[in-house]
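Asks: Residue-level listing of the chains:
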Amino acid sequence: MAWLPLVTLAVSLVAAAIIFWLPEHAWHRRTWVNLAAAVIKLMLVGFIILRIVNGHEDTFSLPVVENVAFVLRADALGVMFAGLSSLLWLCTTIYAIGYLEDSPNRKRFFGFFSLCVASTLGIALAGNLFTFVIFYEMLTLSTYPLVVHRGNEKALAAGRVYLRYTLTAGVVLLLGVVWLHSLAGSLAFSEVPSLIHYLPDYGMQLSMIFVLLVGGLGVKAAIVPLHGWLPRAMVAPAPVSALLHAVAVVKAGAFGILRVVYDVYGIELTVALGMNTLLAVIASITIIYGSLRAIAQQELKPLLAFSTISQVSYVILGVSLFGPSGTIGALVHLLHQGLMKVTLFFCAGNYAEELGIHRIDDLNGAGRRMPLTSIAFTVGALGMIGLPPIAGFISKWYLGVGAIQANMHTVVLVLVLSSMLNALYFFPVLYRLWFCQGPAHGQGKWPEERRLGRLETSGWLLWPTMLTALISVLAGLFAGLPFSPLEWAIRVAALEYLP
Amino acid sequence: MSPIDVVLLLALGWPLMMALLSLARVYSHATQPHVYLTWGWVSAPWPALLLAFLGEAQWVMESWLLGALWELDAISRAWLAFTALLWSLAALHARGYFAGEQLKAQAGDSAAQRRMIRLAILWPLTLTGNVLLIVAEDIASFYLGFALMTFAAYGLVIHTGTREALHGGRAYLILAVLGEGLILGGLLWGAGDAQTLTLPGLREGIASAEQGVWMAALLWLGFGVKAGVMGLHVWLPLAHPVAPAPASAVLSGAMIKAGLLGWLNVFPLGLSGAGDDIATLGRVMLVMGLAAAFGAALYGIWQRHPKAVLAYSSISQMGMLTSLVAMGLVAPDTWPFLWPAVVLFAAHHALAKGALFMGTSVSEHPPRMPLPLLFGLLALPGLSLAGALGAGMVSKWSMKNALYAQGHTGLITLLTLAAVGTSLLVSVTLWRQWQQRGEPGSHACQLGGWLAALIATLLAPLWLPLPADSVTPPPLAEWWGLVWPYLTGIGIVVVGWGLLRRGSGPSVSLPAGDAWWLYACWVGWMQRYIQVLAGRLAGTKKRIVASSLQVERHVMRTIERLLAYEGWLRHHTSGLMMALALVLALLMLI
Chain G
1 MAWLPLVTLA VSLVAAAIIF WLPEHAWHRR TWVNLAAAVI KLMLVGFIIL RIVNGHEDTF
61 SLPVVENVAF VLRADALGVM FAGLSSLLWL CTTIYAIGYL EDSPNRKRFF GFFSLCVAST
121 LGIALAGNLF TFVIFYEMLT LSTYPLVVHR GNEKALAAGR VYLRYTLTAG VVLLLGVVWL
181 HSLAGSLAFS EVPSLIHYLP DYGMQLSMIF VLLVGGLGVK AAIVPLHGWL PRAMVAPAPV
241 SALLHAVAVV KAGAFGILRV VYDVYGIELT VALGMNTLLA VIASITIIYG SLRAIAQQEL
301 KPLLAFSTIS QVSYVILGVS LFGPSGTIGA LVHLLHQGLM KVTLFFCAGN YAEELGIHRI
361 DDLNGAGRRM PLTSIAFTVG ALGMIGLPPI AGFISKWYLG VGAIQANMHT VVLVLVLSSM
421 LNALYFFPVL YRLWFCQGPA HGQGKWPEER RLGRLETSGW LLWPTMLTAL ISVLAGLFAG
481 LPFSPLEWAI RVAALEYLP
Chain V
1001 MSPIDVVLLL ALGWPLMMAL LSLARVYSHA TQPHVYLTWG WVSAPWPALL LAFLGEAQWV
1061 MESWLLGALW ELDAISRAWL AFTALLWSLA ALHARGYFAG EQLKAQAGDS AAQRRMIRLA
1121 ILWPLTLTGN VLLIVAEDIA SFYLGFALMT FAAYGLVIHT GTREALHGGR AYLILAVLGE
1181 GLILGGLLWG AGDAQTLTLP GLREGIASAE QGVWMAALLW LGFGVKAGVM GLHVWLPLAH
1241 PVAPAPASAV LSGAMIKAGL LGWLNVFPLG LSGAGDDIAT LGRVMLVMGL AAAFGAALYG
1301 IWQRHPKAVL AYSSISQMGM LTSLVAMGLV APDTWPFLWP AVVLFAAHHA LAKGALFMGT
1361 SVSEHPPRMP LPLLFGLLAL PGLSLAGALG AGMVSKWSMK NALYAQGHTG LITLLTLAAV
1421 GTSLLVSVTL WRQWQQRGEP GSHACQLGGW LAALIATLLA PLWLPLPADS VTPPPLAEWW
1481 GLVWPYLTGI GIVVVGWGLL RRGSGPSVSL PAGDAWWLYA CWVGWMQRYI QVLAGRLAGT
1541 KKRIVASSLQ VERHVMRTIE RLLAYEGWLR HHTSGLMMAL ALVLALLMLI
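Residue numbers (our numbering), protein chains in the order written: chain G, 1 to 499; chain V, 1001 to 1590.
There could be a bad hint or two in this list.
[Claimed, not checked] Within a straight-line C-alpha distance of at most 27 Å, the following computed DSSO-like cross-link-like pairs (lysine-lysine) qualify:
#: 1; chain 1: V; residue 1: K1541; chain 2: G; residue 2: K154
#: 2; chain 1: V; residue 1: K1541; chain 2: G; residue 2: K445
#: 3; chain 1: G; residue 1: K301; chain 2: V; residue 2: K1542
#: 4; chain 1: G; residue 1: K301; chain 2: V; residue 2: K1541
#: 5; chain 1: G; residue 1: K107; chain 2: G; residue 2: K301
#: 6; chain 1: V; residue 1: K1104; chain 2: G; residue 2: K154
#: 7; chain 1: G; residue 1: K301; chain 2: G; residue 2: K154
These aren't lab readings, by the way, just hints derived from the structure by calculation.
Required output: the full structure, derived from the provided sequences and hints.
Replies: In structure tokens:
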């Protein structure tokens, strides 16, 4: 069934086309198209997963010019990312419908939203570097309208910075891809890359290409010092931030680095070139730097942004550790961080929408007023710190064990230090939520209270938040069950380390 | 599902359900006022208590976390028994202790309502963590239980919400985070090195690993935060006096024992192949333990608050236990004889300390009984703790017995001397309680919990599920050897008190939390230093940005000049073209 990856990709593209075609005021029809597309896509990805379990791997290939082909391939690693993006797309779509109620330009928003998810799926299912770059650039262009959605001066400025960073990075990435193509010809992603044969003659060139590729991908993955766009992009609406941080942009960068290391260069070649040490160093710096900056933040969303910078580099850190445990840690954190971060952003959005809270010190006593949101936030925050039984613990465990097995003991120090720093900036927030007295106890008033629903806030906002929080807990608590993120990561890692 | 499985499920599920019920009731819109500490809430630890007496068992669950292995073996059964018993009695005591606050809450005092809600939710959660860490035999479940207990207990420490309570809570939390970090580091290192997910595997891994001593050192310090290792103990005297009496009882009785259990779980105790490095660590632990045993006694007697004195007494007792555990590393052959004594010591100290802390609340509101009788009863757990009576005597004797058998007489002498310190501390506590006794009026539950704890303390060896014949009562001839430290302590207190009264010198009182204030100074100093550094970095950044902007301006100026040339060229196109044509024509002519 070679058409399966193509159809899965097409679902979002068709949805985007229909949404652009529908008039602005067709709220109901647009909602139906959005939800139907999201559900269908989730089902298709589920179907692909079943086929992979049964040993089928679907590939769609279309030659463009000689030696260059457009390839979509549903392999285990790609489907892992596709599964995350389609699950969170559904949640985020529901959330966005509630969040953007009565706001202008919804047609534009949802159109580009679908395009953005289509490109993420393209990135996940891309079968070679050429296809990957196409969707990677498409992602840049389709997220720009989402970042500047509010249209005010601050949003436009953030959008300019975003484009400046990502387009430059796109050029650098393209340069790396072209150079690699001229050196080794067309390179399909594969579990047993053949690039290692070039090592004796072209070691230097391969290192330089690697730096170019990682440099190009590192901008989206927000590696320090290429992270400057991310905190500024916080002006985007909450669902966009959630999507940007959890699946789409930042993760696309991290996923690209995964692909380059495992399926283009191969982990042996990366280690032989000494590039894994480079990755470990920049990832460690990013993790600590992001945590330190997060401590100093006064507002909730920038705090979460710096936390993302720190957390996504866990994935890169895992990639740099040679050995199955490190790889499992990297892969599983790709999923876990997505689930937990999306929860945290949903919560931040709930506080902002329902009570008008943006600053951390306005959160006093919000646990009383919005208990379910606050529980979800607590789950996300504890998961980010890496406390069991939440998913973050599982990834941290595998990363730490991987570091020991790769004989990189300092990495454990980085992990422990980062956990403690995470506690340092998340605990004060939790303290304010649960232990401080605030407007809910008759002291002062909320910045801008709106009663959005019968529950603590609108159901459109609340249910996706609860769902992702619940999955974050279950993914950790029952990590040993089949089809859990951990089990799937172990399956993928087993393929990479096949003799 | 056999009966023991059901009881295990209840032991963990029942307290969790109580926490959830309390949470749910907060947001239900009931019209009549809540009773926060219901009998269901009090009964939360009962299934765990039952579980301890049902015999040994093992459970394996692949799908739980990284794969669960839960076990009730000789140590964990005894541990669960005294922990669950203490929690039960403290819960009963709490029902009486918080009766006044309950009335206030029912009368509509919102602050009291908030405090009671928090207690009703966090108490059973802390208990769940404590039970889980005892039955867990795999690393992930153990760490889960430990973390849950640690962080949920924060709410118990800051219950009253006063400035002192918040300060104590902060000290508790900062050190708890530090401890969790150290534990995580040690667990990851040990488990990664040995490729294991279970605690027995970790023990063997640490014994055989080349750098096992460093893993063990990390875990020693990490669990040492809870167990009050000298230097990391500062939260104890800050948090204990401010927490409500029942919370102090479980903090000091059950929760700091979790740190000790952590050591028993991860150290290669009694494994002779562990190597010299581990023995060296054992010696360091031994010295530190004894230093804590004596130092805490010397510092603690100058405290004003009876609960602060008791906190120092806990540090001192844990110091003695540390030195006993250290013996398992220094001389592994001793361990098979020593461990029942250690478990009995821990159990006895847990209940005695629980009874003493509950006693402080009883003396604040004495029941209607003659004061000599009341203070006689209040003195009993202290007497037992110093080894002069009841279970304390049996515990001291079994410890001595085990050490005698292997010829470690030096340590016996030191521990006996430390018992003088213990008796000093408990006498001072009693004296402070006498000075600070309040208006009569105890609640029946408060009194009941305390009395039951008293009886359980004295009879500990009778009900504790230890292997048969592992502890024996001392023969009469040894009696004097166990009692004299207590009498010496009493004597010192009486003489000292007399001297102080006669001399009318300045009354000495040292701040609770000793080294905490030193740390606070260091941190303040570091903060200033970091601020200066950050200011400098910001200045450097500004300079770099300014210089890059200058470069940009320079480049722009060059580009503008080029544009000017281009404009000039455009302006003179026709003339230039003609000149060019002329030049070409001339060239062709030549």
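Asks: Are the hints correct? Go through all of them and say.
Replies: Hint-by-hint comparison with the structure:
Our distance criterion of 27 Å between C-alpha atoms is met by K1541 of chain V and K154 of chain G, whose separation comes to about 23 Å. With a C-alpha separation of about 40 Å, the suggested pairing of K1541 of chain V with K445 of chain G is violated against the 27 Å cut-off. A threshold of 27 Å between alpha carbons decides the hint, and for K301 of chain G with K1542 of chain V the separation of about 26 Å falls inside it, so the pair holds. Straight-line distance between C-alpha atoms of K301 of chain G and K1541 of chain V comes to about 25 Å, which keeps the hinted pair within the 27 Å bound.
The straight-line distance between the Cα atoms of K107 of chain G and K301 of chain G is roughly 25 Å, inside the 27 Å bound, and the hint therefore holds. For a cut-off of 27 Å, the pair hint linking K1104 of chain V to K154 of chain G is broken: about 51 Å separates their Cα positions. Restraint check for K301 of chain G and K154 of chain G: the C-alpha separation of about 15 Å stays at or below 27 Å, so the hint holds.
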